[in-house]
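*Asks:* Respectively, the protein sequence lines represent chains U and F. Read in order, the letters of the first sequence correspond to residues 0 to 532 in numbering that gives the first Met the number 0. Read in order, the letters of the second sequence correspond to residues 0 to 238 in numbering that gives the first Met the number 0.
Treat the hints with care, since some could be wrong.
[To be verified] Derived DSBU-like pairs: lysine-lysine, alpha-carbon spacing no greater than 35 Å straight-line: (1) K3/U / K289/U; (2) K528/U / K205/F; (3) K171/F / K289/U; (4) K286/U / K114/F; (5) K289/U / K114/F; (6) K92/F / K308/U; (7) K92/F / K3/U; (8) K62/F / K528/U; (9) K92/F / K286/U; (10) K62/F / K289/U; (11) K289/U / K66/F; (12) K137/F / K308/U.
Just so you know, these hints were derived from the structure itself, not from any lab.
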Amino acid sequence: MIGKLFILNLRSLAATIIKPDRKGGGDSTKTAMFVLIAAVLAGAAFMMFSLMFETLLEPLFGAGIGWMYFTLLGVSAFAMCVVGTVFSATSQIFSARDNERLLAMPINPSAILISRLLVIIAGEYAFTTLIALSAFVPWVRGGYATAAGMLIFFLVNLLLPLMALAVTLLLAWVLGSVTSRLKHKNIVSFVIGIVFLAAYFYGVSNLQRYLVKLLMNGSAIAEAFRKSLPPFYSFGKSIAEASVTDTFLFMLWALVPFAITVLLLRTNYMRILMARRGAAKTVYREKASKERGALWALTKKDLLHCLNKPAIILNASLGSLFMLIVAVMLVVRKAALFSYIDQIAPMLGELPLVPLMAIMLMVLGSLNNLSSSLISLEGSNLWIAKSIPAPTGTVMLSKICAHLAMCGLPCLVASICGAAVLADSLADKAALILVPQAWCAFTATAGLAINLNIPKLDWTNEVSAVKQGMSAIVAMFGAIGALAVFGLAWVFAFRQFLSISAYLWCTGAAFALGSALIFAWLAVPGAKKFARL
Amino acid sequence: MLRIEHLVKTYGGRRAVDDLSLHIAPGEIYGFIGHNGAGKTTTLKAVCGVIEFDGGEIYIAGKSVKKEPLECKRRTAFIPDNPDLYDFLSGIKYLNFIADVYGVSAEDRRERIRKYADIFELSSDLAQSISAYSHGMKQKLALISAFIHDPDFLVFDEPFVGLDPKASRTMKDLMREKCDHGGAVFFSTHILEVAEKLCDKVAIIKDGRLVASGGMDEIRGDSSLEELFFELDEDDEWE
Chain U
0 MIGKLFILNL RSLAATIIKP DRKGGGDSTK TAMFVLIAAV LAGAAFMMFS
50 LMFETLLEPL FGAGIGWMYF TLLGVSAFAM CVVGTVFSAT SQIFSARDNE
100 RLLAMPINPS AILISRLLVI IAGEYAFTTL IALSAFVPWV RGGYATAAGM
150 LIFFLVNLLL PLMALAVTLL LAWVLGSVTS RLKHKNIVSF VIGIVFLAAY
200 FYGVSNLQRY LVKLLMNGSA IAEAFRKSLP PFYSFGKSIA EASVTDTFLF
250 MLWALVPFAI TVLLLRTNYM RILMARRGAA KTVYREKASK ERGALWALTK
300 KDLLHCLNKP AIILNASLGS LFMLIVAVML VVRKAALFSY IDQIAPMLGE
350 LPLVPLMAIM LMVLGSLNNL SSSLISLEGS NLWIAKSIPA PTGTVMLSKI
400 CAHLAMCGLP CLVASICGAA VLADSLADKA ALILVPQAWC AFTATAGLAI
450 NLNIPKLDWT NEVSAVKQGM SAIVAMFGAI GALAVFGLAW VFAFRQFLSI
500 SAYLWCTGAA FALGSALIFA WLAVPGAKKF ARL
Chain F
0 MLRIEHLVKT YGGRRAVDDL SLHIAPGEIY GFIGHNGAGK TTTLKAVCGV
50 IEFDGGEIYI AGKSVKKEPL ECKRRTAFIP DNPDLYDFLS GIKYLNFIAD
100 VYGVSAEDRR ERIRKYADIF ELSSDLAQSI SAYSHGMKQK LALISAFIHD
150 PDFLVFDEPF VGLDPKASRT MKDLMREKCD HGGAVFFSTH ILEVAEKLCD
200 KVAIIKDGRL VASGGMDEIR GDSSLEELFF ELDEDDEWE
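Make the full structure from the sequences, and use the hints.
*Replies:* Shown next, in the form of structure tokens:
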């Protein structure tokens with residue numbers, strides 16, 4: 000039964016990414032595309048971690064603190080496991096939509112729990128394998144590996160996800176309990192998501208600085224790790240010194256919390272699932288309402304959808320958050336920004352600031368793929384959009400407006416701040432405002448067209464339509480690819496006879512023309528396609 | 000109010016609706032009966048412009064659903080069998096959304112929301128998120144939204160599922176009231192007793208084809224609607 004439920008969970012996960020065809024099979028092109036994208040992402044992460052471990056290997060082993068190398072591996076893998084699976088654990092273990100359906104069947108609740116745990120732990124093993132491999136290769140190549148060390152390496156890396164699972168489950172339980180009792184749970188979820196994300200980006204952006212610090216004060220930092228993180232110290236020491244005692248100690252660190260957590264969860268699983276949680280009821284009081292048009296109503300509906308589901312914003316409008324940070328930085332930290340620009344000026348070469356800022360905003364804009372999920376997000380509510388007396392063109396336009404409100408406005412704010420701080424001439428100010436807006440319009444229309452061609456309407460969790468839907472993936476990589484093509488075209492072809500500022504205007508015009516053409520397609524042939532959905 | 004002429008809808012080569020013709024006059028409550036998969040929902044969705052059809056024509060108040068879909072939709076209210084609503088909105092926000100889309104004035108919407116929310120005893124829950132609603136509450140909200148633009152023609156797919164007895168009774172009264180004021184109602188149901196008591200006319204569909212239609216008394220004769228339904232079913236099996 001556990002195996003069947005596990006496969007069911009995996010199938011459900013796969014179905015959120017690749018829509019099965021009418022006969023129940025997967026579309027091989029979409030599957031291949033997804034595998035390719037997943038491989039690229041995994042390859043990029045592998046390269047990043049490999050580079051880090053390559054840098055650390057000699058200095059740490061040379062200083063006689065080789066265990067620190069593996070301790071850092073343990074900490075990185077542990078953090079990746081917890082951050083990468085805590086939200087899935089909350090939704091899979093504590094608030095899965097099919098819990099009640101499964102509990103009504105003659106299935107032991109433990110089987111339901113274990114099958115869900117297996118999905119989470121599979122994800123944690125994937126993260127651990129990726130990071131462990133990126134540390135393993137330099138270690139072996141550097142000639143520091145011994146047979147016993149390698150054996151222990153595999154053993155402790157097998158145990159590490161179990162320790163991570165215990166912490167993941169605890170955090171997921173706290174997260175689920177707290178958010179379900181709060182009235183404004185969406186805001187709280189959003190803030191928690193932002194904190195996780197900020198911590199991740201802070202860590203990644205400061206990685207180089209940390210590495211330098213680590214290499215300069217290796218022994219002192221190692222001592223701090225030894226004292227404050229004993230499980231990871233044992234983890235590192237067990238591999239570096241092939242220490243049986245530390246291996247045993249780490250086994251205890253991994254297995255005891257894991258066993259206690261699973262036992263507690265298994266004993267209380269029914270009670271956790273049956274607990275009625277909810278915020279206080281809001282009583283309706285009649286208020287005056289204004290009459291608005293269909294376009295306003297449809298746009299507002301899509302905006303409320305996004306604002307009510309923080310996961311949608313975090314996954315489909317991430318660039319907007321960064322744009323707002325950029326805007327604040329431009330105004331508040333203007334002096335620091337100019338000082339930083341002076342530092343990196345030699346790297347920029349002939350690139351003036353205004354095009355650089357515009358390119359940065361467009362790169363951030365490529366992270367905004369909201370429109371590529373807005374049709375999928377209709378899901379089982381599609382009948383409403385199709386039965387109302389609003390032209391399909393209006394429905395399409397409302398989705399583009401929603402994208403522009405969520406992604407174009409933050410871009411405009413950042414552009415205006417950038418124009419005020421960085422641009423001198425009127426032409427530069429106009430370029431900094433108009434070109435990123437043309438790009439926003441292009442991503443909005445192109446994303447919607449992609450979603451219209453690859454919709455995913457039969458989701459069970461709407462976040463999956465945004466996070467893992469094929470159209471969202473294609474739109475984001477397509478946007479990055481389009482920017483790369485324009486960038487390479489300048490470097491290899493247009494650089495000879497066009498200044499970067501003139502080229503920027505040309506790309507802006509191309510994006511504006513492209514979005515107009517795509518909108519023309521959406522309004523007529525696209526509308527017919529929408530009617531057939 | 001509704002004229003369906005030789006309607007054909009196919010799904011992957013299979014005819015879900017096959018040469019179906021039907022006429023509903025103003026003032027009529029018209030029941031639509033058939034097995035699961037007989038083609039009822041497909042027909043209702045085609046009438047409301049939710050799905051495209053392959054052949055035939057559908058007219059609502061003389062306007063072609065194919066040629067003037069928006070005009071037809073303005074006159075119609077449709078509620079599907081499973082009222083999936085925007086669960087990220089509150090009840091009142093959903094009603095205001097529908098009112099905006101149908102162009103209902105602020106005054107009219109306030110009056111109608113008050114009237115129908117009171118009738119269906121949903122007033123105090125309108126500020127709640129739809130995600131917190133039970134199936135019955137969602138059904139009630141969907142019904143309120145159907146009346147908010149004062150349509151001439153109501154198309155309901157299994158409208159009584161999930162409603163409590165009081166709400167069912169209210170619903171029947173509202174359907175009759177709508178017809179008394181010159182409107183019409185076309186609804187599908189599996190509850191033959193309801194169809195028998197409520198409908199002026201009834202149509203029975205099997206495998207996408209209309210097997211019987213007409214006035215209730217005329218169609219059932221001396222037997223009950225249930226007996227007629229099973230008789231038609233058996234006749235067809237003998238064929």
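*Asks:* Of the hints stated earlier, which fail here?
*Replies:* 1, 7
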